[in-house]
Amino acid sequence: MEFLFDNFTALGALTAIALGFGALLGFAAVKFKVEGNPIVEQIDALLPQTQCGQCGHPGCRPYAEGMADGEEINKCVPGGEDTIRALADLLGRDFVPLDEEHGETPESKMVAVIREAECIGCTKCLQACPMDAILGAAKQMHTVIADECTGCDLCVEPCPVDCIDMVPVATTLQTWHWAAPKGIGNRPGELIPVRNIA
Amino acid sequence: MSRHIWDFHGGIHPPENKKQSSETSIRWAGLPERLVVPVQQHIGAPAKPCVNVGDPVLKGQKLAEAAGFVSLPVHAPTSGTVAAIELRPIQHPSGMDALCVEITPDGQDEWIEHQGVGDYETLGKQEILNRIRDAGIAGMGGAGFPSVVKLGVKPDQKIKTLILNAVECEPYITADDRLMRERADEIVQGLQIVAWLIEPEEILIGIEDNKPHAIAAMQKATAGTQCEVVVVPTKYPSGGEKQLIHLLTGKEVRSGGIPADVGVVCHNTGTAYAIKRAIMDGEPLISRITTLTGDCVAEKGNYEVLMGTPVGWLLQQAGVKATDLHRLIMGGPMMGFAVHNMAVPVVKTTNCLLVPNSKEFPDPVPEQPCIRCGSCAQVCPVNLLPQQLYWFAKTKEFDKAAHFNLADCIECGACSYVCPSNIPLVQYYRFAKGEIRTQQQEQAKADHARQRFEARQARLAREEEEKERKRQERAKAAAAKQAEKKAAPAAKAAPASAAGAVDEADALAKLQTAAASTMKRYKEAQKALLTAEKNGSEHLEALQKKVEQLKAKADAAKEAFTTAKNAQGQTADAKPKPAAASKDDPFAALKQASAEDFAAYKEAEKALAAAEASGAEDVAALQQRVTELKARSDASKAAMKEARAREKEQIQAKNAAADPVKAAKLEVAKQQVLLKKASKALQAAKDSDAGADDALESNVKAAEQALEAAEHALKKIEEEQA
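Protein sequence lines correspond, in order, to chains A and B.
Note that the working numbering has the first sequence beginning at 44, numbered continuously upward.
Note that the working numbering has the second sequence beginning at 880, numbered continuously upward.
Keep in mind that the hints were calculated from the coordinates and are not lab data.
One should not assume that every hint holds.
Said to hold, decoys possible - Listed below are the simulated BS3-like cross-link pairs for lysine-lysine, each with C-alpha atoms no more than 27 Å apart in a straight line:
hint, chain 1, residue 1, chain 2, residue 2
1, A, K152, B, K1275
2, B, K1324, A, K152
3, B, K1437, B, K1485
4, A, K225, B, K1437
5, B, K1275, A, K225
6, A, K225, B, K1238
7, A, K152, B, K1437
8, A, K152, B, K1279
9, A, K225, B, K1485
10, B, K1238, A, K152
As the list claims (entries may be wrong) - Covered by chain A, according to a simulated footprint, are these stretches of chain B (three or more residues, beta-carbon under 8 Å):
hint, segment
11, 971-984
12, 1159-1172
13, 1238-1249
14, 1301-1310
In this text, a Cβ means the ideal position worked out from N, Cα and C, and glycines have one as well.
Please model the complete structure; the sequences and the hints are all you need to start from.
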């Protein structure tokens, strides 16, 4: 009899604990509810934010959402290999080379330049620019704010007089940095060893 | 002097090779035919040119103004004229061009008016700091950080130790050594100015023990002052700022910190000398001591060189034959970089030009794989793990490299020096550092772009909302107006009918959507059936059945919709008539009816066209309806015309009764018009050689007769009245 009673006490205690924790969890689920999918934010932070749409999505965030839902991670052309690597790291997936279907990684970053003499002031590129990086008004010459331009290409297509060029961003003294050494089997470049002198 | 000297981790002892250049006194390099002064010779923002091409300039005149806090002006090294302000190759490992001011010297070497002060204490610290900034003094050890930034001590910061870095640990270089031997007094004076500015508790002068002459000279010069000469053992890189601080004080500057964090300020010998010249002689920084050494140089030694002197010209002065030139290194052999263009000028940070021959500096042997010997980790003065950093840089795992404190690497080259595999480790680190910096910049840019994009999206959404709101408002206003208009004439009509009409319209819309959706489902099912047939699926029968069911449903829905529509159309057709009839003016009512009928006909026609275009099945029904409506419209039009004619006649009759003369006149006019019409028709017929001329001619004749009769009648009436 006492054996049975003990069992009931234990059962009672366990039930009480279960209910207690259940209530706590339920409360926490409501109180600390996470709005949106936090992984989307993290993925979005890794994307280059050119909003170019080459991945097939209308911007970087929709692609981030797509990836959070299991889409391939190799569609970001402007991000290139580095972005794919970072995404693979974040999402715990294997690295896959860039999907060539969406375009080839440009050699260097590009910036749009309007040949201003030919601009007719149609404002079509203004509407196409996802960055608001083109300045101008109807029947006035337009110009690209180079610092804000992400090189997404979206303004080139709508221009009726084809006066927008995509040019590579020139390296300046401020942005230059040393290139990677050529690797094993090659002679080191600029660094000077002095050990050969007695 | 028994001061405790600490030791730092690692370090190497490369061959010093200082004797070649340290035994001759400083020589004046001379005045080249042109001087190319880059506007950026320091770390920070490039200076902004403040002279124009063609301007005459005096020695010491400002050529470019500082642009910001971390920036310095540059001065004319001699008198002459500004020949050009343009992009020229400069002292940069990239070999890129930068903005330079070219001066053609006039040979007069005429100073701008300048004056030094002996008792600088009277001027106040801020004034002295301003003068140091205006003199364009940058750290002369190699990096070129604006000295004034280091000297401006924050009020809450207490600097305990001022260190003069006279270590000069890099092989070959002897510029500071010679300067101390020859101008120790001036260096100490400069150091005292610095000490007065930052008020340290102690002033230490760190010199390596391989420069006994310089030590002696400095000890002599500092006798009787609070400056203390501390001799440190020769080891590379004890001249590194953080390494020297650790050697002399035992303090470690934390990762990412600056010496002022631990109460230390460090200045270079050359800088102290330049500060003395700037304050006590009033001369800006326009020349420096540069070591010219290496086996290709005939006259090895130290030269006082004007800033902007082209390297090629300087080497010629020192007896370098162009044919011998194997490599040219700016800076020391450990941390310098190769220069490939002889037009590059000497600048504030050029402490050495090394021109070795191929025997002295043979081409490096190819890089071999890392054998993980760990030698690099043993010599690293910053306690990093060079081989780990190397792997990370090689595989481009930059975040891991950053995590292993790559940013703390001082690029001293000790690891490369000891590497048995001849791996250019420092080059890997420079590459990785550059990549990390680029990535950070890109990240910042991406964040900025995201913000802009989101702001744009928000703006577009807002505009859309605004538009939508306005549209709704307009629609509401229009509806209200319409209702008002309708309410006025149809006030008597039962309000229930309006509600009924609305209900009817709703029901009709519902039926239409129902029909459309069933139709769609039917089409989908059909499509599914087709693909199933193609693929040879097993459920063909079931699908077929389903398709048939859906077709029946769709047909039924469509029928319901058409009947409902027709019914509504009829009621709609019927409706305006009583409303029109109720009006007082029968003609206006007829007119409205005719317009409505016509509109209904046009609509039906349009619907028919659309139906024909889309290939709908109820074309026949629509066609019938169109003809019906057309007939109705024509009928109402005819009725209206008739009514109008009748009305006119009535009016005329009324008028005739009132005034027979007027009536007769009118009659005459009418007949005239008729006659004209008839004759015109005849003429037209004649022109076109058409038949039925006889009939037309008789018409004309009849009209002429009628006109005559009318005129006759008119005359009669007039006579009667007269």
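Here is how each hint holds up against the structure:
1. A:K152 - B:K1275: Distance ~19 Å between K152 of chain A and K1275 of chain B Cα, so the pair holds.
2. B:K1324 - A:K152: holds, 12 Å
3. B:K1437 - B:K1485: holds, 19 Å
4. A:K225 - B:K1437: Given pair K225 of chain A, K1437 of chain B is violated - Cα atoms ~75 Å apart, limit 27 Å.
5. B:K1275 - A:K225: Holds, at roughly 14 Å.
6. A:K225 - B:K1238: Holds. K225 of chain A to K1238 of chain B sits at ~24 Å (cutoff 27 Å).
7. A:K152 - B:K1437: violated, 59 Å
8. A:K152 - B:K1279: Holds. K152 of chain A to K1279 of chain B sits at ~25 Å (cutoff 27 Å).
9. A:K225 - B:K1485: violated, 74 Å
10. B:K1238 - A:K152: violated, 43 Å
11. 971-984: holds (count 5)
12. 1159-1172: Since 0 is below three, the answer is violated.
13. 1238-1249: Since 10 is at least three, the answer is holds.
14. 1301-1310: Coverage by chain A holds for the segment 1301-1310 of chain B (8 residues, Cβ < 8 Å).
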